[in-house]
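> Each chain, letter by letter, is given below.
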Amino acid sequence: MTDPILEFDGVSKRFGGVRALQGVSFAVPGGEVHALVGENGSGKSTLIRICGGVFPPDEGTIRFEGREVSFADPLASRAAGISVVHQEIPICPDLTAAQNVLLGHALPKWGGLIDWGKVNRRAEAVFAQLGVDIRPSALAGDLPIAQRQLIAIAQALSHQATLLILDEPTSALSKQEAERLFAIIRGLKARGLTIIYVSHRLEEVFGLADRVSALRDGHYVGTVSREETTPDEVVRMMVGREITHLFPKEEHATGDVLLSVRGLSAPGAFEDVSFDLHGGEVLGLVGLQGSGTSEVLRALGGQYPHLTGEIILQGEPVQPASATDAIRRRIAYVPADRQGEGLFASMSVRENAGLLLLSRLAAALGWVPNRSLDEVAGEMVRRFQIRAASLTVPVSSLSGGNQQKVVIARSLSIEPLVILLDDPTRGIDVGAKAEVHQILNGMTRQGRGVLLVSSELPEVLAMSDRVLAMYGGRVVAELPRGAHHEAVMQLITGVHAA
Amino acid sequence: MSATDPFPAETSSAAGGAAALPWGSRARGTVGQLVGAREFAILVFLLLISLAIGIARPTFFTTSNLLAMGRQMAEIAIMGTAATFLITARELDLSVGSIYGFCSLLMALLAANQGIDLWFALIIALLAATALGLVNGLVTTVGRIPSFIVTLGMLYIVRGAALVMSAYPVARLPHDTFYEVLAGDLFGIPVQIIWMLAIVIVGTLVFRRTTFGYWVQATGSNETAARLAGIPVRRVKVICFVLSAVSAAFAGALSFAHLTSVSPTAGAGDELTVIAAVVIGGTSLFGGHGTIIGTFLGAALLTIVRNGLVQLGGEGRLQEAFLGGIIILAVLIHTHVGRRR
Amino acid sequence: MSATDPFPAETSSAAGGAAALPWGSRARGTVGQLVGAREFAILVFLLLISLAIGIARPTFFTTSNLLAMGRQMAEIAIMGTAATFLITARELDLSVGSIYGFCSLLMALLAANQGIDLWFALIIALLAATALGLVNGLVTTVGRIPSFIVTLGMLYIVRGAALVMSAYPVARLPHDTFYEVLAGDLFGIPVQIIWMLAIVIVGTLVFRRTTFGYWVQATGSNETAARLAGIPVRRVKVICFVLSAVSAAFAGALSFAHLTSVSPTAGAGDELTVIAAVVIGGTSLFGGHGTIIGTFLGAALLTIVRNGLVQLGGEGRLQEAFLGGIIILAVLIHTHVGRRR
Amino acid sequence: GGAPAAAQDDEGLRFVFVTHDLGAGIFAPVRRGMEDACALIEATCEFLGPQTYDPAQQVAILEAAIATNPDGIATTRPEPGVYDDVIQRAQEAGIKVVTFNTNDPTADEVAPAPFVGQNFTNYGQVWAREVMRAMPDGGTLAITNCCPGHFALEERIRSFTETLEAEGEGKYEILETIITGADESEVFGAIEAFYAANPDVNMITGVDYYSNIIAQFIKNNNLQGQLLAGGSDLAPAQIDGLREGYVAFGLGQNPYLQGFYPVMIMHQEIEYGIRPITIDTGTDVVTPENVDEYNPEFR
Ligand SMILES: Nc1ncnc2c1ncn2[C@@H]1O[C@H](COP(=O)(O)OP(=O)(O)OP(=O)(O)O)[C@@H](O)[C@H]1O
Ligand SMILES: Nc1ncnc2c1ncn2[C@@H]1O[C@H](COP(=O)(O)OP(=O)(O)OP(=O)(O)O)[C@@H](O)[C@H]1O
Ligand SMILES: [Mg+2]
Ligand SMILES: [Mg+2]
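Residue numbers (the working numbering), protein chains in the order written: chain H, 254 to 751; chain B, 778 to 1118; chain F, 778 to 1118; chain S, 23 to 321.
No lab work stands behind these hints, which were simulated from the structure alone.
Fair warning: there could be bad hints in the mix.
[Unchecked claim] Pair ranges (Cβ atoms, derived):
id, chain 1, residue 1, chain 2, residue 2, range
1, F, Thr988, H, Pro622, 51 to 61 angstroms
2, B, Val919, S, Gly192, 14 to 24 angstroms
3, H, Pro558, B, Asp962, 51 to 61 angstroms
4, H, Gln572, B, Val919, 14 to 24 angstroms
5, H, Val646, B, Val979, 49 to 59 angstroms
6, H, Asp463, F, Arg921, 38 to 48 angstroms
7, F, Asp953, S, Thr309, 53 to 63 angstroms
8, F, Ile978, H, Ala325, 31 to 41 angstroms
9, F, Asp953, S, Asn244, 34 to 44 angstroms
All C-beta atoms, glycine included, are put in the ideal place defined by N, C-alpha and C.
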């Protein structure tokens, strides 16, 4: 093992009553890709924020390149040679791509004034190094989420760093974009940089990392070298128990046709989409970013008022014109962007869970007795094993996985015929994922129809009864259960037309 | 693998049985339910200030002074109740002061110059306020421009209209039951206090225990999520704007009944006082979280400080300056002391 | 992390998108560089209104009236330039009107009663404003309470201080170069216009072509991202508050030099006029996107409408009402006409 | 009545003055008058009011003041009705009440109180006659008004217009009442805009304190000889104009006495049982001829 570039010694951090890190001690050898894994809330991002100078640890010390360091702010950490891509910190939407990339740099000036032309050219060079095609003068807020994530990565790469830390950089990236990032990471490693890499996707971890360290509930569990370990062992380190198989699909007989879609088009999003969804069936939609999979879900959820084509629900033609409309027709939508579109952060668990049942619980004048709301919310919390200190704590105090379960439970509370799930396991850990998959199995057992979109191809392939492959807004193939990963990849990347 | 199956095949209802809840047993008292940590901090602050004033000037605690303060705070508390809904839904109304003046003037002119019955005039004034609130709400939600600007424009428009109307002098009106109901006494208590308490209590119940109240909070907490949850966010906001305008008209009517006179500039500046009361009480200016009890306490604090400073005597011109300091201090306190449970 | 970010970028639906960016790589002419789509929409609106007034009243377009309007708009445009920085950084300042009155009074009293040289008095007034801006900024950023509340408190505090000072009547001051520099003419053009243009031009350059301006936009666009990128967001905001206060003091000095008199209530209500000018110009109230040229046009629009309404004669009391309508209309126009590229 | 329950302690009498607008410049000399009178009789005095024009707030302050049980209260009464209730309650509590500076006469039907201040109807007459003296051959004029709806100002204008019509032999034409707002910069802008549209106007005359801005306008634009000013109060710019002749007249109302007399007549009543009466502080005509005889600070 080479000399450690970064050493943690007894690092602890608490937020109010939450002990995010407790006495974490380990070392990261220089010149390697070092993966950091752990369940949601295990403290990975907290450790990284400490390295990035966002806040200091409560206890313990950090040594960087052999010297004890204590960063007062992000600038100090960067000056020392640490560059960080933080988890889920979107860029500045009102600035251009180039301005975001060079945020925090001294900018090229001409006569005391910033030369934006030069800034754009510099950013262009960074993008070229990253192999991405983003116009430097594009407004960042106008770009799709994947490109925004790439801008954040480009921002980190634009600094001269000896240690690069990436906290879940691929959660919003397509397969190819992720692959390109991996190539860059390998290139940086070859140039002698050390990379700390955080991800919930074990195949990425095993594809990239030289060594894997695991955290559990704020404690350091151990470090293993990739050659000497297996995915199962890493999972065991993370969750402290065995997870037998990753995607536990239950088989059911599927029922009659529930939902028929014929020639559905939304200009600029997708075109001529047709399929049948049966009761008790999971129909997977796979495709790259921009292929129209999420948009089909949104359209069925009533978010595209100007659709052409037919939607027939239980033999009756429908045109969901709004989310309200879709909900009335018992079509439930679970958005991919939990924070932005799913949760009411300032409200309690109870209110988040019970929101769709208010009109059902309401007596005259909209009066909702507290007890009946407590009852239904409590039942949901119990049934979906939502771990919360009480029903009245703010939902924002829950872990990511539990927040997601609240959102799903709410959608299911209307007893939907059809459930539209957009990336229901984004950014949640293996344990929580397994629970969401259990919920999915429960839905089909009850005879509901599920349309599933996921950023993880293996997940859709494993959990679906059938799969529709989409490319460029069109359905290019229908595949039965058990379709081969490679074949699907070729379809959705347009390498082979069906 | 989790042990419990969330979908036992037999049950089809997702919201079925009434299982015993682990936290259902955690009984809280009524007061505890009404007064959260933030409200508590501001209540303590308010009591300490009252005590300090009362010690320096015992006349502060006379029944008549306490009742007078109760009456004085009524208008701000009533407008503040509606504003709490609106601000929780993440909108602002800067036009309440103008609507207050306009509607009381309208009412007075209709009654005095057109000979319309005062009650009927009140109804017309409330309808006019409804229309103004609708315009505020529709321009904000359909026109998609910030309510700060819409209601700022409305502030000028309505004040201009009031100034034009005031060209017609208002004759004196005969006293009748109208004044008894809106400005009289009940068992020695000014009716304004009773109106205020009724509105604050009903407002609290609507805010915390009805579909509409939950919808308001959800809309302000995350508008996109609210829309996706099927909440008619535009309608919710428009209703809040209407409530705000109608509460201003009603406060104007109380003022008119009490002072038996009107002026086109009545209510000028009230918009900021109302927002101050709401925010002092602990409602977030950024939406999603509100408390009507807090607003009530905020209005009480402003009134007590104003009254107390007069009682203490001293430099009259510095009194408003003190008030400014108290506003900042109060918000600092509940932000940092009554942080979270 | 996100707990401190009151407006997550995704949900500020009312703010609309940002307009064309001046630094786009595609070559644009100088005018095109300065005037984006929103600014253009408001410019056209302004010209149409001027034309309409000018046709009805040819005296509107006389050189003397145009110069007079230029002078009238200077104070709002100057305060608006600073406010554009502040609002872009996602903060508000409601205390500018009070600071305007307080600082001009302070200056006058120092010069008239203490015999201090007027220039020196001006410097003291600007330093006082710096201190007030620092307090606004520090209470907002360190105390973590909304600037709406901090500066509302400051509005009362500073106005109270001005009222106390006004107990000392101001003696007449001898005219000297001070008046020439702040209220005289240069080649027949009122110097206030020259001051305004200088400040607008320097402001635009700082806003668009310096690190500070870039930091202001980043801070308002996404405070967390800006902080993590190493931008000292607190310092950036505090500087914006200081700029706002100092601009108000300077505008107050211009007014004092021009009117040779002061009153403690001077500037009351200017806070809302300044915000209106900024928002009419196209700056987003939700931060991140601002335009000083737009603010300049917004101030011009307000002045033209005020002046034009007096010129047109008729019911003077309706002028404010028209002004309110124009504010709403202007923001509707640039929201929907000058939408995106 | 005599002196019931007055002077509960041996610290002397206590009087509270409450105005509708502490910011108005006129109240500085009023306050001085109050302070001098209180010093003379060794009474304690307070001068209170809202920061800007706000009768409702003024009533709240009056109520708080009543609770402190002073010996006397002096208040302005710019709107009818508003003060009836609170004045009656003060009187019932044995507190002497005097109005000063502004009093809506119709208010006396319900809550009579002696008034120390100007008679606004007389003012309008004097004002009209000064305009006729300044322009004996007639001409066009405009009036500036900061605050439409304000009782005192509207009464001055009404009486002015009536007198000008009755005595002006049709020689005078009022082009417009310019609504100026109550912010000096805005007042200036409104005058400027009006003059741009009506450059032939002979005189602009103000009903309120902001009249001095008309003088300032003439001076800044070198319109001496082309445009005549004149109007209420004696702010510095007004004095300049009077000295140089482009302001034809300035009308004072002796604010010092509006602070001094209320103290004295309340003291009289409490100490000697002399019933207080309404005192007109008059309309003080200052012209270029007599301007140097005055100290403008107390006008
Ligand atoms: N911001 C916060 N403020 C207060 N408490 C919090 C906060 N975030 C999390 N918690 C609490 O800390 C505890 C641990 O959260 P953590 O994220 O570790 O849960 P978890 O068991 O890992 O859930 P999951 O497996 O679903 O991710 C939870 O009980 C949660 O309520
Ligand atoms: N600012 C904060 N305030 C309160 N609690 C916090 C804060 N930041 C993190 N926590 C809590 O600290 C714990 C560790 O969080 P952290 O974000 O480090 O987890 P993580 O391992 O990165 O999880 P994930 O995989 O979901 O990103 C969690 O319980 C979390 O809720
Ligand atoms: Mg976990
Ligand atoms: Mg994390």
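> Which of the numbered hints above does this structure break?
Numbers 2, 5, 7 and 9, in rising order.
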